[in-house]
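Novice: Chains as they are written, first to last, in the numbering used here: chain A, 1 to 424; chain B, 1 to 506.
Because the hints were derived from the structure by calculation, they are not lab data. We put the beta carbon where it would ideally sit given N, CA and C, even for glycine. Accuracy of the hints is not assured; some may be wrong.
Subject to a maximum C-alpha distance of 30 Å in a straight line, what follows is the list of computed DSSO-like cross-link-like pairs (lysine-lysine) [unchecked claim]: (1) 92/A to 297/B; (2) 376/B to 457/B; (3) 92/A to 376/B; (4) 235/B to 214/B.
Computed from the model, here is a short list of chain A residues facing chain B with C-beta under 10 Å [said to hold, decoys possible]: (5) 91; (6) 157; (7) 160; (8) 230; (9) 231; (10) 232; (11) 233; (12) 238; (13) 293; (14) 296; (15) 333; (16) 423; (17) 424.
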Amino acid sequence: MADSVDRNSILGWLVDPLSSTRASAEAAFQFTADRRAWLAPVGIGIALLAISAVGSVLDPKQFFFSYLTGWSFLLTTAVGGLFFLFFQHLTKAAWSVTTRRINEALVWAFPLLALLGIPILFGMHDLYHWTHAELYDPSSPQYDEILAGKRSYLNTPFWAIRMVLYFALWTFISYRLYTLSVRMDVEGPGEAGDGIPAQLRSTSAWGLPLSAVATAFCSYDVLMSTDPHWFSTIFGIYFFSGGILAAVSAIALFALLLQQTGGMLQGAVTAEHYQDLGKFMFGFVVFWAYIAFSQYMLYWYGGIPEEIVWYQHRLEGAWAWHSALLLVMHFIVPFLILLPRFTKRSTPILGVMAVWLIGMHWFDIHWIVRPVMSDAATFHWLDFTTWLGLTGVFGGFVMYRLRRHALVPQQDPYLADSLHFENT
Amino acid sequence: MANSDDTSTATTDPTPDGADFHDREPLIKGNLSFHDVTEIVAKHTEKQTPLAWYLAFTVASSMALMLVLMLAYQVWNGVGVWGNNQPVGWGWPIVNFVFWVGIGHAGTLISAILFLFRQRWRTSINRAAEAMTLFAVMCALIFPTFHVGRVWAIYWTLPIPNQMEMWPQFKSPLLWDVFAVSSYFLVSLVFWYIGLVPDLATLRDRTNKFFRQKVLAFFSLGWTGANRHWRNYEKAYLLLAGLATPLVLSVHSVVSFDFAVSVLPGWHTTIFPPYFVAGAIFSGFAMVVTLMVIARKIYGLENLITIDHLEKMNIIILVTGTIVGFAYITEFFMAWYSGVEYEQYAFLNRAFGPYAWAYWIMMSCNLISPQLFWSKKLRRSIPVMFTLSIVVNIGMWFERFVITITSLHRDFLPSSWGYFEPTWVDILTFVGSFGLFFTLFLLFLRFVPMVAIAEVKGVMPEADPHFYEEGDGRPAGANVPYIQPAEEASDRPETGETRRGTEPTG
Chain A
1 MADSVDRNSI LGWLVDPLSS TRASAEAAFQ FTADRRAWLA PVGIGIALLA
51 ISAVGSVLDP KQFFFSYLTG WSFLLTTAVG GLFFLFFQHL TKAAWSVTTR
101 RINEALVWAF PLLALLGIPI LFGMHDLYHW THAELYDPSS PQYDEILAGK
151 RSYLNTPFWA IRMVLYFALW TFISYRLYTL SVRMDVEGPG EAGDGIPAQL
201 RSTSAWGLPL SAVATAFCSY DVLMSTDPHW FSTIFGIYFF SGGILAAVSA
251 IALFALLLQQ TGGMLQGAVT AEHYQDLGKF MFGFVVFWAY IAFSQYMLYW
301 YGGIPEEIVW YQHRLEGAWA WHSALLLVMH FIVPFLILLP RFTKRSTPIL
351 GVMAVWLIGM HWFDIHWIVR PVMSDAATFH WLDFTTWLGL TGVFGGFVMY
401 RLRRHALVPQ QDPYLADSLH FENT
Chain B
1 MANSDDTSTA TTDPTPDGAD FHDREPLIKG NLSFHDVTEI VAKHTEKQTP
51 LAWYLAFTVA SSMALMLVLM LAYQVWNGVG VWGNNQPVGW GWPIVNFVFW
101 VGIGHAGTLI SAILFLFRQR WRTSINRAAE AMTLFAVMCA LIFPTFHVGR
151 VWAIYWTLPI PNQMEMWPQF KSPLLWDVFA VSSYFLVSLV FWYIGLVPDL
201 ATLRDRTNKF FRQKVLAFFS LGWTGANRHW RNYEKAYLLL AGLATPLVLS
251 VHSVVSFDFA VSVLPGWHTT IFPPYFVAGA IFSGFAMVVT LMVIARKIYG
301 LENLITIDHL EKMNIIILVT GTIVGFAYIT EFFMAWYSGV EYEQYAFLNR
351 AFGPYAWAYW IMMSCNLISP QLFWSKKLRR SIPVMFTLSI VVNIGMWFER
401 FVITITSLHR DFLPSSWGYF EPTWVDILTF VGSFGLFFTL FLLFLRFVPM
451 VAIAEVKGVM PEADPHFYEE GDGRPAGANV PYIQPAEEAS DRPETGETRR
501 GTEPTG
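So that you can see chain A by itself, here it is in the shape it has in the complex (with noise of 0.2 Å):
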């Protein structure tokens, strides 16, 4: 491939690979805010995460499980915001091409939460009852029979390497979609046949069975196994279904932010795309609910004591209250407000409902993880200091990796499509 682009130096490969392609944007498609823009949410983040550090040496179960709380968060809404970029290309979507650059932007997340994952392994202990070793000698009184039949997947070696493998799988296809894609702004788009755009399908149709199975098994891995004992074959799916949901809502907050605070993207994200990135919430919305819901009955239904355990811990004392909120608030408030035609189509509508959906996926995961640690207590404050620090470094990264290019995929075929689309 002809290096259109040059590398960005080791340690600015993190966060952006790419040196930046700012001169070569056009006009109308330049981040013009100033670089406060990442700058401010880095420094927020680093400044919330310093003082979760303080927590850590407070309250280290706690920490641990607030951090893996937040990690968990961006990694699904990285890992969702991968699938749907699969789904764009791999249809060819034209209408979604002046939001692609901030789906790119998004994706290339997975060297940065490699790094802030680090963290979870000091609270491997803490975190996933699997590790403690008297689980798994008989003389013990502490011996678990079904956990050491496990043993040969639930262990902190193999656990490690299946981690480096998914995030080295996720890092390389989000390294090819990101850097062919911000080629292109400079390169042009090239033949038909072997140029940008159908590398960037071909790499999609080979990512996206590779990432459904990295996926899934990650899930299993990260936030299925905190409570080992118990499973669920549609767990997978259930970890895949919040965090594209996270994902859209979070393309449609950074493309309002941009346009509304920002005054960029002006002309080429209109109320149409709104509205199309508001169906998608509406139906992951929804893809969500039939997902937890099928999860929820069918175990409910069976009735079988090691299978029910994991709802009733989240069935009693506070956590019935998380419960049913998760039912109100992930589900039917969100459905019954993004239904109509004018909520998808109202900025300040949309916005807040990808700020609501955003938290509420947070929220899904920490009725996920919390549980495990304790049937008492509910949120705590380094619950928020984490997520929200670890959310600022994120997020504040997205915002660098767009102020360094062109704000939309300035040269991609469909470019003209999509800045004249209209839902009819």
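Could you slot chain B onto chain A? The hints should help.
Specialist: Leaving out everything else, chain B in the frame of chain A:
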């Protein structure tokens, strides 16, 4: 990089006004006019019935007659004439029911979900696929109806107030099936009929025969093609698409609940609803490919249902087949991971027990064979796709066989273990259901426009209101700013400038 044949544009304008490599191919081939499209489709309902149709109809309706005879035999003698026996209480009837319901998924997916996703290529195939859906659901409903044993009491499944104050068991997924499948059938039927109205009016206007005209006039509801009719039509179509979309997902989810709410190893697993839906779409699309490959050849519809259409369906077969295959693997992994010995045994028994042959037929047909479609050459080859579409449906029948039989034939009491075998009545009933399906489909091909004429016209370049006035119906270039339609009327200069730029018209 400039386009190789365009020397004037050294810049990299993605959509120069000349031919562009990235332009989408037209969906309809052969430079057809609107009138040609009408002719190609409508003539098959107007010409004299060909001899070949009579031959095919004779074969199909004889098979359907066999179905009737088999069902009569079963009603007279009881369910014992089938192979079902404890512990395999659900044998072929349930396998066949799920098989046919699954096939009945493609039509409404194509007409509703692909409509919401603006997949314009759906217009060439949606009519026939929806008809297929309706017929497949009819075939499906026969099996549970007769499986109840006392078919004359089947109305007890409906919550009808009665003097005995007897009500169906609302906690039973079999009752949910009654509601899910019947509402799916009704909405699909209404959706199909609404889409037919403009085309029936076209046929009405083309005929001089008195009775044909009267019948068509009755069913076309006084359609004149007025603006107001189209406006109502499109609203109704969108609303029905929105209503049908959750139904497509719910029907097979509820069918999966029939299995998954039980506590039987191999059935009780949470991935069942989405995995059944994926499998249903998989088998449904395979059946559409089987039927369309034949129909487009016999009826000369190659320009309407092009290789591109078939290729897109094959890609959906590849995607859904891979989802289904991954679900098989997930179930297997999770059975091991669960540490529950019954789950583990159920899956080992599937893969290596007495029904291993069926399991591996299922695996190779559903997971492995669709992978051939990664090759563009193979997924555009008519013989390959025809063969594969049949292979897929064989595989999907075996999937239901594996799920139903293997989980039942070795229950928790080893003393009752056995080997299920179907009887000749099972086999002939299933073969007969194909007879019913093809009888109905042949009637459809003979009497109903098999392609949605009005919808196909809507995706041709001529449908663009600017086609004749300002060019070729392609969208404006990236250099032309987007103008809100509402603002356009006042903003737009009288002459000279068009939405495609500042070039003069003509």
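Novice: Now tell me if each hint is right for this structure.
Specialist: Hint-by-hint comparison with the structure:
no.	hint	result
1	92/A to 297/B	holds, 29 Å
2	376/B to 457/B	holds, 28 Å
3	92/A to 376/B	holds, 16 Å
4	235/B to 214/B	holds, 27 Å
5	91	holds, 8 Å
6	157	violated, 18 Å
7	160	violated, 18 Å
8	230	holds, 9 Å
9	231	holds, 5 Å
10	232	holds, 5 Å
11	233	holds, 4 Å
12	238	holds, 9 Å
13	293	holds, 9 Å
14	296	holds, 9 Å
15	333	violated, 18 Å
16	423	holds, 9 Å
17	424	holds, 8 Å
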